[in-house]
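Modelling step: build the complete structure from the supplied sequences, incorporating the hints.
full-length UniProt numbering puts the first residue of the sequence shown at 1, with every later residue one more than the last.
Treat the hints as calculated values from the structure; they're not laboratory data. Cβ atoms here follow ideal geometry from the backbone N, Cα and C, with glycine treated the same way. Do not rely on the hints blindly, as some may be mistaken.
Computed spacing ranges between beta-carbons, pair by pair [stated by the list, open to error]:
| hint | residue 1 | residue 2 | range |
| --- | --- | --- | --- |
| 1 | 640 | 594 | 24 to 30 Å |
| 2 | 106 | 146 | 33 to 39 Å |
| 3 | 451 | 322 | 38 to 44 Å |
| 4 | 252 | 488 | 57 to 63 Å |
| 5 | 604 | 463 | 26 to 32 Å |
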Amino acid sequence: MDSHEKIYELDSKIDESLFELNINSNYYAEDQLNSGLTNNDSLSIIHINSRSLVSKMSTIKDYLGKFKSKFKVIAITETWLYDERMTEVQIEGYELHFVNRINKRGGGVALYINNDLKCKLDKKMTMMEDNVMEMVTVEIINDTSKNIIISCVYRAPGSCIRSFTDKINEFVDHIKNKTLFMCGDFNINLEHPVALRTSSDFFDMIYSLGLVPLINKPTRITTQSATIIDNIFTNRKEDVVKTGILMTDISDHLPIFVVSKYHNNNKNIIKHNFINYKRNKSVKALEDLNKDLKMQNWTEVYVSDVNNAYTSFMKILLKSFNSSCKLIKITGKRDNQPWMTNGIKNACAKKNSLYMRFLKLQTKEAEDRYKKYKNKLVTIIRKQKKEYYGELLNKNKDNIKTTWGIINNVINRDNTNARLPNYFVKDNKDIYEVKEISNEFNDFFINVGRSLVESKPIIHDTMNTIPRNVNSILLDKVDQQEIRNIVKNWGSKRSTDCDDLDMVTVKAIIESVIEPFTYICNLSLSTGVFPDLMKIAKVVPLFKSGDKQSFTNYRPVSLLPQFSKILEKVFALRLDKFIDENSILNHEQYGFRTKHSTAMAVMDLVDKISSAIDNKNHFISVFIDLKKAFDVIDHSRLLLKLHRYGIRGVAHQWVNSYLRNRKQFVQINNAKSELKDIYYGVPQGSVLGPKLFILFINDLVNVSNLLGTVLFADDTTLFYSGLNIHEVTQVINSELIKVKKWFDINRLSLNLNKTNYILFNNRRSCDVSLMIDGMEIQRVKETKFLGVMFDESLTWKSHVGYIKGKIAKAIGSPFCIVGEGRAGSRGRQRPLLPADKRRRK
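Have a look at this one:
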């Protein structure tokens with residue numbers, strides 16, 4: 001080790017057995033490790049003890065950003081996290097695996113695995129044991145050599161070392177023919193392993209398992225001591241290229257790292273490359289596009305077949321679009337510290353210099369000088385951040401979307417959580433190829449509704465719940481001004497459709513294409529044909545909750561062609577007018593209607609419950625939950641209902657054409673699945689879909705003459721009240737038979753696991769039993785309806801607690817108190833747990 005790299009020399013003698021292993025872990029500044037850190041033939045792992053990951057997230061990201069190459073694996077101990085805050089600690093380009101303590105402070109481990117690696121969670125070696133340890137483990141899959149096991153471990157200081165040793169021995173002993181790297185904060189001092197018998201037993205066990213420690217110099221240095229309590233153990237020391245300790249003051253532990261030989265031959269897994277491509281949509285590019293479109297000859301659009309007309313329209317438009325708005329490579333790096341000034345950069349460099357001096361001298365004087373300077377710097381940084389983001393928020397106070405973007409950026413809540421893992425599991429088989437994953441997603445999304453519908457028998461009825469409307473809808477022609485108004489009032493969304501067009505681009509070019517497009521709209525309305533190219537949906541999977549490797553835990557986000565939404569809106573305006581003039585929708589329906597809202601629905605229900613309680617009545621409300629409601633609509637039955645409501649003739653043909661022959665594909669990065677036909681449901685992400693759904697479910701209100709109803713699309717509650725609880729129960733049970741029959745006729749599936757009811761009253765609890773189809777409905781004391789928590793006494797305590805919980809999570813995010821904590825002030829960074837009863841002042 002040369003004098004430049006040697007920052008600290010141990011004065012005390014380390015166990016001689018370490019020297020026999022030829023371990024040479026040097027100290028490095030980040031600029032000394034910027035060459036050969038990672039490439040296709042190496043695996044780099046860094047371990048950081050964070051002592052509160054939320055408060056240190058920006059510091060850790062900034063520090064890791066100083067390296068020219070990314071570490072393949074980032075291991076973090078003492079995360080001090082709970083599950084609700086995991087969205088705040090994502091890192092771009094990495095998949096996060098973690099173990100948190102439950103209802104207890106401190107501890108916690110996390111592994112960030114670069115998306116270039118093919119890996120899966122090792123559930124056998126991922127665990128938490130109270131008062132002993134936390135451990136998270138992943139297995140790196142390598143098709144050309146041994147798989148690699150990577151574990152991140154934290155042992156709480158003062159916990160039983162013997163129990164910890166037994167656990168590690170139990171986990172590691174079964175590993176055969178695999179490379180292991182086990183890193184973490186073990187809180188067992190390697191410098192003097194024989195000082196305590198249990199510590200000696202731990203290292204004897206480590207050696208007996210064929211593991212060797214890779215760090216032999218202190219990782220935690222104070223004025224009183226220098227200890228080796230953070231380490232990386234491996235069973236393949238011969239593959240190690242470089243190992244060492246990094247000089248940075250992220251916490252009172254120094255980060256440690258290892259670079260090992262590794263050949264990555266995985267080319268077909270999901271990769272989230274952040275050097276990506278995007279469309280050039282600059283002012284100049286859009287001006288060029290408009291000029292080109294105005295020069296086009298649209299003659300071939302003016303034909304009698306709407307499919308041919310729209311195909312020609314898109315062919316001309318996309319040719320100009322691809323020529324003027326070319327794909328460009330994104331090479332710029334995002335600035336994570338836009339508030340940083342040159343003066344603060346210089347001050348940070350001086351602070352780092354004082355820190356290294358303290359590590360060298362290990363004196364009280366050097367420590368005090370470093371801490372005093374750091375505390376002043378932290379105050380300056382906080383003030384600078386507050387002023388920068390305050391000015392930015394004030395500048396964008398009228399733009400809600402931008403405001404939330406700024407807030408999410410500050411509290412480290414980005415969209416990384418929405419990114420897909422690099423493998424999925426189906427029928428106990430791991431799937432890594434992105435094309436296969438895309439196809440599996442498409443199959444799942446297509447068939448989940450289809451299987452529910454086709455499991456229900458077709459039951460014919462007279463539709464006596466729908467009175468026949470004698471009036472029929474007429475579709476007036478659309479003019480260019482109406483198209484202008486529709487486009488002008490549309491939100492400027494940047495989500496792209498199957499042709500890579502977004503609404504921002506459509507808004508910019510609408511004047512250049514308005515004449516041929518208006519012709520297409522009128523041709524569609526007059527012939528009753530909705531163009532086939534407008535029926536292709538691009539679907540993006542969005543994670544809900546649970547196991548990220550399971551297809552069932554994702555919902556589809558459907559992105560329809562931009563021009564299809566404009567044509568839908570044209571039809572919807574005529575449909576809305578007809579519905580209002582003929583009073584087709586029941587007053588109990590509050591969803592997707594002008595001058596109606598969730599607030600009105602909630603107030604209606606609250607008013608009815610309050611009146612019943614004031615009159616000393618028993619009020620039972622059944623909260624209905626439907627499975628995949630929008631995905632299971634039977635097109636034939638919907639069309640029959642529309643006909644009775646007065647949607648007849650060309651309009652009926654148009655809706656029929658709109659619903660039939662729809663297709664979708666799933667896109668993950670640039671990989672597209674095969675096109676699949678959609679057989680049931682109303683189009684998700686569409687303008688007309690919700691309107692058609694509320695028309696389909698509209699006659700539910702007419703099933704019972706006794707039960708009251710409040711609906712917001714598929715969110716439904718049925719209720720009844722009276723003085724005699726037995727009579728109330730009997731009526732509801734009797735009427736629920738009719739309701740269940742209506743669901744069966746309409747091939748809708750009740751989710752009985754989520755359907756529940758509340759008995760509202762101010763009296764003692766009564767014995768009540770409600771049944772649907774022979775199954776008892778769950779009685780609850782509180783439930784959520786349209787985002788509001790209802791409790792059985794209507795006290796709003798549940799809702800207040802729910803809102804307090806949401807606010808507490810936001811307050812716990814360091815929006816105003818950002819950056820590092822003050823030097824030596826560990827208590828300031830303590831996370832606020834849901835069970836925490838202490839109040840912030």
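* What hints, given by number in increasing order, does this structure fail? -> none
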